[in-house]
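Asks: Sequences listed follow chains B and H, in order.
Following the numbering used here, the numbering of the first sequence begins with 1 at its first residue and continues without gaps.
Following the numbering used here, the numbering of the second sequence begins with 1 at its first residue and continues without gaps.
Think of the hints as simulated: they come from the structure by calculation, not from any bench.
Accuracy of the hints is not assured; some may be wrong.
Taking lysine to aspartate or glutamate pairs in the EDC-like style, the calculated list, with each CA pair at most 16 Å apart, reads [what the hints assert, rightly or not]:
id	chain 1	residue 1	chain 2	residue 2
1	H	Lys591	H	Asp579
2	H	Lys591	H	Glu603
3	B	Lys39	H	Glu286
4	B	Lys39	H	Glu130
5	H	Lys625	H	Asp562
6	H	Lys563	H	Asp584
7	B	Lys228	H	Asp649
8	H	Lys567	H	Asp581
9	H	Lys272	H	Asp75
10	H	Lys444	H	Glu654
11	H	Lys778	B	Glu246
12	B	Lys169	B	Glu65
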Amino acid sequence: MSRFDYHRPNSIDDATRLRGQHEDSLFLAGGQTLLPTIKQGLAAPSDLIDLGRLDDLRGINVSAETLTIGAMTRHAEVAASAEARKAIPALAHLAGLIGDPQVRNTGTLGGSLANSDPAADYPAAVIALGATIHTDKRSIAAEDYFLDLFETALEPGELIVKVEFPIPKRAAYAKFPNPASRYAIVGVMVAETKDGIRVGVTGAGPCAFRCTPIEEALAKDFSAEAVKGVAIDHSRFNSDLHASAEYRGALVGVMAGRAVSATG
Amino acid sequence: MSSQGIGASVRRTEDMRFITGRGRYTDDFNLPRQTHAAFARSPYPHARITGVDTSAAKDVPGVSSVLTGADMAADGLGGLPCGWLVKSKDGSDMKQPPHPPLAAERVNYVGEPYAIVIADTPAAARAGAEAIIADFEELDAVAAVDQAIHAATIHPEAPENRCYLWSLGEEEATNEAIEAAAHVTSLKIVNNRLIPNAIEPRAALANFDASNGEITLYTTSQNPHLARLILAAFVQIAPEHKLRIIAPDVGGGFGSKIFVYSEETAVAWAAKRIGRPVKWTATRSESFLADAHGRDHVTHADLALDADGRFTALRVRTTANMGAYLSTFASSVPTYLYGTLLAGQYKTPNIHVEVEAVFTNTAPVDAYRGAGRPEATYVLERLVETAARELNMDPAELRRKNFIQPEDFPYQTPVALEYDVGDYEASLNKALELIDYKGFPERKKEANARGRKRGIGFSCYIEACGLAPSQLAISLGAGVGLYESGEVRVNPTGSVTVYTGSHSHGQGHETTFAQIVASRLGIPFEDVEIVHGDTGRVEFGLGTYGSRSAAVGGSAIVTATDKVIRKGARIAAHLLDADLDEVDFEDGIYKHRSSNASKTFGEVAFAAYVPADYPNDLEPGLSEKAFYDPNNFTYPAGTHICEVEVDPDTGTVEVVTFVAVDDFGTVINPMIVEGQVHGGLAQGIGQALFEHGIYDDFGQLITGSYMDYCMPRADDLPSFKVDTTVTPCSHNPLGVKGCGEAGAIGATPAVINAITDALGIREIEMPATPERVWRACKTAAEGGQ
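The whole structure should be built from the sequences, with the hints applied where relevant.
Replies: Okay, here's the thing in structure tokens:
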């Protein structure tokens with residue numbers, strides 16, 4: 001673990017200013033990925049800018065049409081939030097499936113999205129619900145946000161402030177966890193939104209994506225049965241020790257079907 | 001049975017300190033002027049070291065010394081020995097290549113240490129280790145056990161990477177019986193490599209005392225006296241009387257802490273060399289790379305049956321991975337702890353086993369919970385279950401038909417062991433009842449209606465614990481005896497301090513041994529203190545492994561306790577003015593049989609130390625020791641039955657019910673025994689479903705963390721149904737057999753037999769991961785297999 005300077009700013013402005021001053025600095029949110037990465041010597045930032053004191057980045061707010069969650073809101077807070085559970089129960093359920101209690105009590109929504117781990121859970125919800133990611137500079141639509149493996153539309157130094165989730169008519173998340181790490185080998189959120197059926201998939205590809213063939217099948221017939229036999233192109237899917245691309249392809253269909261059943 | 005005597009579920013004395021954070025593990029000890037060590041480890045599976053530049057490392061702030069394998073060789077240190085000399089079938093000795101604690105010329109596996117860096121802090125030591133610039137000339141490497149003999153030779157002493165070719169049993173008779181058989185079941189069986197994961201990683205803290213020339217090494221050892229013997233006699237770090245090994249609280253071992261490793265050795269050597277205490281605690285990543293791994297066999301096996309379904313012969317051909325070097329007991333695991341167990345619970349008249357041990361560019365492989373016996377049980381119980389299916393017989397009934405019967409004991413197997421006692425049908429019957437075997441077809445139907453495939457699998461295992469007797473084992477190549485020492489020191493006030501050569505690292509000896517002594521002496525449980533894990537306090541010992549502590553260590557304590565009782569009787573006879581044969585001892589009281597006069601144990605103890613009124617011909621004091629050398633192994637056995645449900649869409653396997661009925665002989669503390677069974681079952685199920693140490697084709701470990709190496713967790717497991725049957729061991733004073741490994745031995749085949757039953761397939765590789773099971777479901781659905 002290399003040496004670094006630690007900052008704990010009290011405002012978003014101070015945080016972004018510090019980030020700009022130190023070229024090799026990084027924002028520290030919950031640290032559940034960043035700190036182990038630094039410990040293993042895979043990252044060596046000159047400065048860490050802890051976002052923990054930025055109360056503007058925390059909190060859960062519900063309006064008639066949207067659920068807005070601050071970037072520094074912990075997974076456990078989302079999972080336990082009465083507002084979140086009422087507005088989008090699928091999202092609260094998803095948050096409760098992330099990692100383990102320690103990760104959920106420390107890890108944050110913004111940290112998860114900024115990191116964009118291909119096997120993280122939140123990206124499936126962002127895609128399926130058509131969320132908008134608000135940063136200190138602009139707003140980014142879900143479809144424009146996830147670009148590739150650990151690659152997002154965020155520019156260097158850009159800070160996620162909050163995420164706005166339109167409240168769907170109904171939605172559900174089904175996750176097939178990696179038995180070892182409990183990350184998603186495949187996680188699928190199915191949502192019926194005002195713009196139609198949206199299906200967000202995490203774990204299967206280099207980053208979260210909309211699964212159009214399943215969306216089309218569900219638009220015709222919103223049933224688990226309708227998903228069966230839908231061909232999933234797994235040619236660009238991840239393949240590793242735990243699951244081949246072909247297996248992940250099969251799991252996308254199975255998990256989508258289970259998510260549909262879970263919407264009730 | 002008293003509330004704290006033998007047979008009572010006394011709560012563990014040690015738990016309060018463990019769960020309140022008052023345990024003292026090696027890393028909890030700190031000494032004045034202490035330094036910290038880190039190791040530079042090979043990034044290559046096989047390479048020649050062409051240069052080690054330590055100058056940059058020495059410049060790292062806080063680093064005080066950097067010592068390399070060349071420095072160690074220059075100091076004349078010996079290599080790490082293997083403690084069991086196995087002979088090949090042609091009579092030649094196994095190949096034992098040198099194993100320098102720090103590599104000087106070649107590295108043979110990823111993670112092999114070649115330098116130790118000493119610094120003021122652990123972070124500085126690690127920074128120093130990273131700053132070493134070593135030049136390596138890479139050589140071809142091999143990791144897979146079945147490729148070893150075709151690959152580049154690793155050690156010149158072992159051409160084609162062959163270590164030994166060992167055999168046991170009658171080859172010709174076995175082959176003839178197989179030729180003549182009505183039915184032969186054949187399987188290729190892979191026993192997956194496992195990586196032990198004790199909660200506490202290995203650690204060492206060494207101090208050299210220049211005033212008396214003594215080295216004290218605190219370390220995570222299952223057998224501190226063995227470590228002292230090896231470090232003194234072979235590595236020659238210090239003479240045995242100048243070396244003290246303390247293995248304080250140790251957080252789990254499962255075999256991996258039996259062995260003497262490079263790091264502990266290097267730390268002790270470095271402490272003497274620099275004249276300051278040196279401490280090292282492994283990171284989890286280091287544990288994955290450099291702890292001895294377990295299992296890793298490939299086997300071809302044939303079971304022959306006659307027309308009535310009686311086993312007539314068993315032939316087993318195994319290739320066993322030793323890793324890059326022979327670890328302390330590596331050679332004995334796939335031979336004397338494996339081949340000898342292949343009779344199982346059955347009267348198979350002809351058995352022949354041949355084992356080729358090979359070197360590969362992987363971490364050394366040695367004993368891991370069960371050590372050889374899980375591998376043997378897996379081979380046999382997979383074969384038996386498969387034979388039953390091929391012959392369309394009930395797997396329980398096929399086993400019953402072939403069981404050794406109670407009247408057959410003592411039973412001489414064709415593979416060297418003589419079983420003293422057992423009742424295998426009793427365990428089977430109880431297990432069938434517990435799982436409601438008759439109700440299984442209904443449960444299967446019901447699961448089917450839910451889209452789940454339900455299966456049931458059996459495993460009737462035997463194990464051999466308390467490896468013995470010493471003379472026989474030494475004649476077969478063992479480098480040490482297999483007895484245990486026990487010492488019972490009665491204090492003047494009548495409380496008792498017991499010194500045992502067994503070592504507790506989770507087993508609860510401080511409780512069970514105190515139960516034994518307290519009930520035998522008739523004194524309160526609280527008046528007995530158990531001391532273990534310190535060569536400076538305990539006379540000698542061979543430690544804890546192979547489920548030997550109760551059977552061997554406990555027997556030594558009983559023997560010493562009985563000596564105390566006998567000496568006390570002489571004192572009591574004098575005090576009571578009685579003849580020795582008129583004195584009875586019961587419930588802590590010496591009684592004059594005819595006069596009814598009596599003396600308590602405490603009064604006798606006091607008299608022994610304040611000998612005012614005392615026999616003239618008797619030494620004062622009341623302290624006795626014993627070395628107990630068993631005359632046979634003990635043979636725990638039992639039946640495990642597993643029911644699984646498979647989700648064919650995802651390949652997920654759920655262990656729905658698991659029944660374990662074990663015969664451990666006399667049970668001292670049922671709660672501790674049940675805990676041991678639970679832990680063993682978790683590890684056995686872990687091997688079947690989750691755990692797999694994988695090296696890629698280039699020799700890199702790709703399951704080097706919990707992100708990829710899957711440990712079983714509580715929510716992966718059902719609530720176990722466990723029970724016992726009892727046939728007391730016939731040859732030790734307690735009638736105990738041992739329970740530590742049974743779960744890990746019995747569970748694995750039961751799970752795989754259940755999965756193959758659920759899917760109607762013949763084989764599936766371990767671990768039965770979701771993808772493997774999903775593929776098997778797919779193949780079965782498409783009409784394959």
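Asks: Hints first: check each against the structure and report whether it holds.
Replies: Against the structure, the hints come out as follows:
1. Lys591(H) to Asp579(H): Satisfied, since the Cα-Cα distance of roughly 11 Å is no more than 16 Å.
2. Lys591(H) to Glu603(H): Within the cut-off at roughly 12 Å; holds.
3. Lys39(B) to Glu286(H): holds, 14 Å
4. Lys39(B) to Glu130(H): Answer holds: Lys39(B) to Glu130(H) is near 13 Å, not above 16 Å.
5. Lys625(H) to Asp562(H): Distance of about 10 Å is within 16 Å: holds.
6. Lys563(H) to Asp584(H): Holds, at roughly 14 Å.
7. Lys228(B) to Asp649(H): holds, 11 Å
8. Lys567(H) to Asp581(H): With Cα atoms ~13 Å apart, Lys567(H) and Asp581(H) stay inside 16 Å; holds.
9. Lys272(H) to Asp75(H): holds, 12 Å
10. Lys444(H) to Glu654(H): Holds: Lys444(H) and Glu654(H) sit about 14 Å apart, inside 16 Å.
11. Lys778(H) to Glu246(B): holds, 12 Å
12. Lys169(B) to Glu65(B): The given pair, whose Cα atoms are some 10 Å apart, holds under the 16 Å limit.
In the structure shown, no violation is registered for any of the earlier numbered hints.
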